[in-house]
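*Asks:* Below are the chains, spelled out letter by letter.
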Amino acid sequence: MAPPRHLLLILLAAASLATLAAAVYEDQVGLADWHQKYIGKVKQAVYHSQKSGRRRVVVLTEENVIASLDLRSGDIFWRHVIEKNDPVDQLGLSLAKYAVTLSMGGSTLRAWNLPDGQMIWETNLQVSKSSKPLLHFLSNSKVAKDNLVLVSAGQWIYAVSSIDGVIAWGKEFSLDGLEIKQVLQSPENDILYVVGIAGSSKLNLYQLNAKTGEVVKHIQESFPGALCGETILGSHNVLVALDETRSGLFLIEFKGESINYNKVHISDLVQDLSGRVKLLPLMSNGIIALQASSTVSLLKLKGIDGLEVIQSFEQPAAVSNALTITEKDEGFAVVRHMGSEIEFIVKFTSDVSNEVIREKINIDQHRGNIQKVFLNNYIRTDKSHGFRALLVLEDHSLLLVQQGNVVWSREDGLASIIDVTTSELPVEKDGVSVANVEHNLFEWLKGHMLKLKGTLMLASADELAAIQALRLKNSEKNKMTRDHNGFRKLLILLTKAGKVIALHTGDGRIIWSNLLPSLRASKSGEMPSALRIYQWQVPHHRVMRENPSILVVGRSGTDSAAPGVLSVLDSYSGEELNSLKFDHSVVQIIPLMLKDSSEQRLHLIVDSHYRAHLYPRSPDAINVFLHEIPNTYFYTVDIEKNVIRGHSLQKSCDLSSDDEYCFSTKELWSIVFPSDAERIAITETRKMNEVVHTQAKIIADQDVMYKYLSKNLVFVATVSPKAASEIGSAAPEEAWLVAYLIDAVTGRILHRVTHHGAQGPVHAVVSENWVVYLYFNLRAHRFEMAVIEIYDQSRADNKDVLKLILGKHNLSAPITSYIRSEVMVKSQSYFFTHSVKTMTVTQTAKGITSKQLLIGTIGDQVLALDKRFVDPRRSVNPTQQEKEEGIIPLTDSLPIIPMSYVTHSLQVEALRGIVAIPSKLESTTLVFTYGVDLFYTRLAPSRTYDSLTDEFSYALLLITIVALVAAIIFTWIWSEKKELNDKWR
Amino acid sequence: MAACLPLLLLALFAVALACVGVDAAYQPRSAEGHTIAGRIKIDAAITSAKGFGLPAKTSNTKVILNGGQRVTFARPDGYFAFHNVPAGTHLIEVSSLGYLFSPVRVDISARNPGHIQAALTDTRRVLNELVLEPLREEQYYEIREPFSIMSLLKSPMGLMLGFMVIMVFVMPKMMENIDPEEMKQAQEQMRNSPVPSFSGLLARANS
Chain A
2 MAPPRHLLLI
12 LLAAASLATL
22 AAAVYEDQVG
32 LADWHQKYIG
42 KVKQAVYHSQ
52 KSGRRRVVVL
62 TEENVIASLD
72 LRSGDIFWRH
82 VIEKNDPVDQ
92 LGLSLAKYAV
102 TLSMGGSTLR
112 AWNLPDGQMI
122 WETNLQVSKS
132 SKPLLHFLSN
142 SKVAKDNLVL
152 VSAGQWIYAV
162 SSIDGVIAWG
172 KEFSLDGLEI
182 KQVLQSPEND
192 ILYVVGIAGS
202 SKLNLYQLNA
212 KTGEVVKHIQ
222 ESFPGALCGE
232 TILGSHNVLV
242 ALDETRSGLF
252 LIEFKGESIN
262 YNKVHISDLV
272 QDLSGRVKLL
282 PLMSNGIIAL
292 QASSTVSLLK
302 LKGIDGLEVI
312 QSFEQPAAVS
322 NALTITEKDE
332 GFAVVRHMGS
342 EIEFIVKFTS
352 DVSNEVIREK
362 INIDQHRGNI
372 QKVFLNNYIR
382 TDKSHGFRAL
392 LVLEDHSLLL
402 VQQGNVVWSR
412 EDGLASIIDV
422 TTSELPVEKD
432 GVSVANVEHN
442 LFEWLKGHML
452 KLKGTLMLAS
462 ADELAAIQAL
472 RLKNSEKNKM
482 TRDHNGFRKL
492 LILLTKAGKV
502 IALHTGDGRI
512 IWSNLLPSLR
522 ASKSGEMPSA
532 LRIYQWQVPH
542 HRVMRENPSI
552 LVVGRSGTDS
562 AAPGVLSVLD
572 SYSGEELNSL
582 KFDHSVVQII
592 PLMLKDSSEQ
602 RLHLIVDSHY
612 RAHLYPRSPD
622 AINVFLHEIP
632 NTYFYTVDIE
642 KNVIRGHSLQ
652 KSCDLSSDDE
662 YCFSTKELWS
672 IVFPSDAERI
682 AITETRKMNE
692 VVHTQAKIIA
702 DQDVMYKYLS
712 KNLVFVATVS
722 PKAASEIGSA
732 APEEAWLVAY
742 LIDAVTGRIL
752 HRVTHHGAQG
762 PVHAVVSENW
772 VVYLYFNLRA
782 HRFEMAVIEI
792 YDQSRADNKD
802 VLKLILGKHN
812 LSAPITSYIR
822 SEVMVKSQSY
832 FFTHSVKTMT
842 VTQTAKGITS
852 KQLLIGTIGD
862 QVLALDKRFV
872 DPRRSVNPTQ
882 QEKEEGIIPL
892 TDSLPIIPMS
902 YVTHSLQVEA
912 LRGIVAIPSK
922 LESTTLVFTY
932 GVDLFYTRLA
942 PSRTYDSLTD
952 EFSYALLLIT
962 IVALVAAIIF
972 TWIWSEKKEL
982 NDKWR
Chain B
20 MAACLPLLLL
30 ALFAVALACV
40 GVDAAYQPRS
50 AEGHTIAGRI
60 KIDAAITSAK
70 GFGLPAKTSN
80 TKVILNGGQR
90 VTFARPDGYF
100 AFHNVPAGTH
110 LIEVSSLGYL
120 FSPVRVDISA
130 RNPGHIQAAL
140 TDTRRVLNEL
150 VLEPLREEQY
160 YEIREPFSIM
170 SLLKSPMGLM
180 LGFMVIMVFV
190 MPKMMENIDP
200 EEMKQAQEQM
210 RNSPVPSFSG
220 LLARANS
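Listed in order, the protein sequences are those of chains A and B. For the first sequence, this note's numbering gives the first residue as 2, with consecutive numbering after it. For the second sequence, this note's numbering gives the first residue as 20, with consecutive numbering after it.
One or more hints might be untrue.
[Stated by the list, open to error] Straight-line alpha carbon distances no greater than 30 Å define the calculated DSS-like cross-link-like pairs of lysine-lysine that follow:
| id | chain 1 | residue 1 | chain 2 | residue 2 |
| --- | --- | --- | --- | --- |
| 1 | A | Lys44 | A | Lys85 |
| 2 | A | Lys984 | B | Lys192 |
| 3 | B | Lys192 | A | Lys98 |
| 4 | A | Lys712 | A | Lys688 |
| 5 | A | Lys212 | A | Lys98 |
| 6 | A | Lys454 | B | Lys173 |
| 7 | B | Lys203 | A | Lys984 |
| 8 | B | Lys203 | A | Lys978 |
| 9 | A | Lys447 | A | Lys38 |
| 10 | A | Lys921 | A | Lys698 |
| 11 | A | Lys264 | A | Lys303 |
| 12 | A | Lys921 | A | Lys712 |
| 13 | A | Lys130 | A | Lys172 |
| 14 | A | Lys827 | A | Lys884 |
| 15 | A | Lys478 | A | Lys38 |
| 16 | A | Lys85 | B | Lys60 |
| 17 | A | Lys301 | A | Lys212 |
| 18 | A | Lys447 | B | Lys173 |
| 19 | B | Lys203 | A | Lys979 |
| 20 | A | Lys38 | B | Lys60 |
| 21 | A | Lys978 | B | Lys192 |
| 22 | A | Lys847 | A | Lys688 |
| 23 | A | Lys979 | B | Lys192 |
| 24 | A | Lys921 | A | Lys452 |
| 25 | A | Lys329 | A | Lys264 |
| 26 | B | Lys173 | A | Lys452 |
| 27 | B | Lys173 | A | Lys884 |
Calculated from the structure, these hints are not laboratory results.
This is chain A alone, in the form it adopts within the complex (with noise of 0.2 Å):
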């Protein structure tokens, strides 16, 4: 029999083990957890024409979804995310039973089922490469039996039966250069015409058979200006194309067998020409639309001889297509703003003097500019047509407007978050009573029969819904105040669109939402990107008067000269308290760990010049500042020129500006990657914020190493040219990944490690003295995760107890990455499954909670991987003292446990990110991840070990408190009466 010390030792590490996957029980899903679904903004939206059922729509969006939607109420029925490589570019119906995707420049045909959205035919075609590939239903079935689909992009055209997916016909145009731009189709014969482009003045007319694709007729125009490409069709044979210089138009007419055409200069027609000109898609019945910077303009053709303006409507304002209402008319939707409302117009073709509808809806002021506008009809009951349109706007959002109304809105915008910060919630304040939840008593004990049946197990699946009801509404999650253990905060969202918006933790709704002035697109169509956000001001507790705020920053146009902009956020309320327009453009923005007098977090902001400056620009902030100067550092990566360069600052900028916030700077070393043989492929840094608890580790034979615990340290791995690009194109021998540990300060390097036969994609992740970074090794053929982890040797001394006493260590020593402290490292490798999108680590509030890899998988789940699974100490027979400290026995992989995904049954659609934030709780991290999908929850990688979790069973502790008394009193009156017995004996 083992001792049992050793049985004890053996029943803890079982205990230790079985924490490694910590789960949740199903009925515990949204609990603390919640997800939100998104498609992103949309840009084409197809109505299903059928009369029965439930009316929905198909969209696809900028984020690559097809979906399809319930017009009642926007959610989602089907969904479905296309890689970003592989751009889907149209989308039609066809049969009323699938919808027909076109992606990959026209190279990519897919049918998917209408009611579930399964994937019915893929056809992969061969085409030229094409800006606009294009797709055109045989509306008339006569061609064939089974209806056409026809896909032309560059200089093929193709004929694709849409029931089962196979190429009826495949054309290649011969033509140099030639890009078809139009498909149409003769309502009388089975004739197509193709029109296309070559060069860029030729214009060429084909007609082809419908039914064998064999050209009938070709005929070549040539024009004497040369055309932008952009052309619609006017009516049923007039074309109407911009020239070069966006100023002139051409109405081409194909009469039989020949070509007439006429131009028109648009400064006749329209007043204003600033900007870019672009003709809006599809009118028909000889209306088209032209869009200018400031206007709208509906104009009317006559013949090819000339067009005449209609109606003109100011900017912002949107055109619908066409939508064919009865055989011989077509309808059209224009909206535009009034103020703070929306008129929705609606005519028809035939009489665009008149207006079938003019309702005025009013929407959120957040929201922006109509960008696109998708009409849909409907009778009603009274035989007479009805209009709804679906509005996308400026932040990305989806509205259904009907009869003046917004029917429902989507806030789509979250679908392309751009960077994450977090906010405390206000304190509560003294007086305001909370308690008023549980006021009814009887309620109070119905609940907790309630709670008690379902602790012994004997509750009904009714009463366990209740159960979970009552949870979720006693839960105090949704409160809008600060707790006691630091659940509940303020996400702060940056999306693409330039809208910040927060959401509470507790279940994910919109607490406000602000689209930033700052980045919203100017009229001359210059577009601002944003780029980050921070905390500005955390103010502390004594003056909690204040409200915290962000800092939001952001490029003015896409181009990374462009000069930045900044503004300042309140967090509670998401007004703008500060804008700022930049005279530099924004390359780096380095938040210093240094706060001025009013709390403001001190930022550095490198521009392309290498100059930093320093916001707020306060007085006080730079006094604050001037002392830290030498101490601060930082680097810069240079992926083009394959460099990583160190620099300090230095005092003002040039002498001949005399801007005090502005610093120039000293290159202090540089690396110089060999191009030829490696290409940085990652840098990676620990977070700022992150807390380290011990700075010594006790290994199993009661040694004491020192971690090595820079701020500075930075991971780069470098791959070898071939390497660079995707799995399976570069050979084991011709590539190989080099991992560096640099001293951000010194240049020095730390630590060099070669990995042959790999590649990347590499993901790296770096804290506390560790580094684990993933990379794809070509010999084994599967992705490998190694672990670094770097101790200080020059430190490991201070293991005397003697010299601890005398006071002979150098633990009190300034830390400076000036000396060149000697390092040791471990390392070691483990293969890993899956293909890896992002990876990160949990936070805790003083890190001394164990960690756990946070990774976001291919399949777009996150799987939490216990640091100790990657621990380079891992051996094959660990002894009895390593087992004690918890060392894993190895493996050569990582295991997949599956109750380990903190998604557990759900995906995060288009995964980008995983931000893990610390909460006041030491035990526990709050995570939260985005793609396309939202998905926060709350993880505890040791357990909870520092309170009661949800699961503790209050019934049986006031069982177990019922029996002692009851045992007591028993045993007291039986003592009471052996003792009588004695007494009379």
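Given chain A, work out where chain B should sit, using these hints.
*Replies:* For chain B alone, coordinates are given in the frame of chain A:
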């Protein structure tokens, strides 16, 4: 777990060149790529038998080539294909919620066109046919243990109760069983060697 892998059922292997099936007229002149065609087989019987499994739906089953370079979806019958894949060694992964699939290594030989070989990366098993079956079903939730007296007794409070019961009922019995003489002896010993107290120590030190 390894024993119950349904992979043993794997059979043939399918190879298809890009130019299979359709008329040569619309075949590209520069067709270099190969086609990887295969099938995903999720046995509906395994799924529905157990209560907790997610319904066997292939509509959300994605097939991923080279870690996201290309993604395709499985058709209702489970078939999938990647077209125009260059020669080389590739990796195919299957993502289907509720199932764990082993990644598959696919070798397309450049010298021997059309020769494609596939093997599971986890076990290095060579597949004769590109039929992918899940290694196991994934159970994302912990299963609640049914209520039992034993679990109640094992809880700290149960142990406390148990200990108390022992002290109350068993200890007096044990005390009774002790020989009265032995008891006396023990008491004697206790008296002779008093517990050294701190104040006593101090007093001794002062004297």
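*Asks:* Hint by hint, which ones does the structure fall short of?
*Replies:* 3, 9, 17
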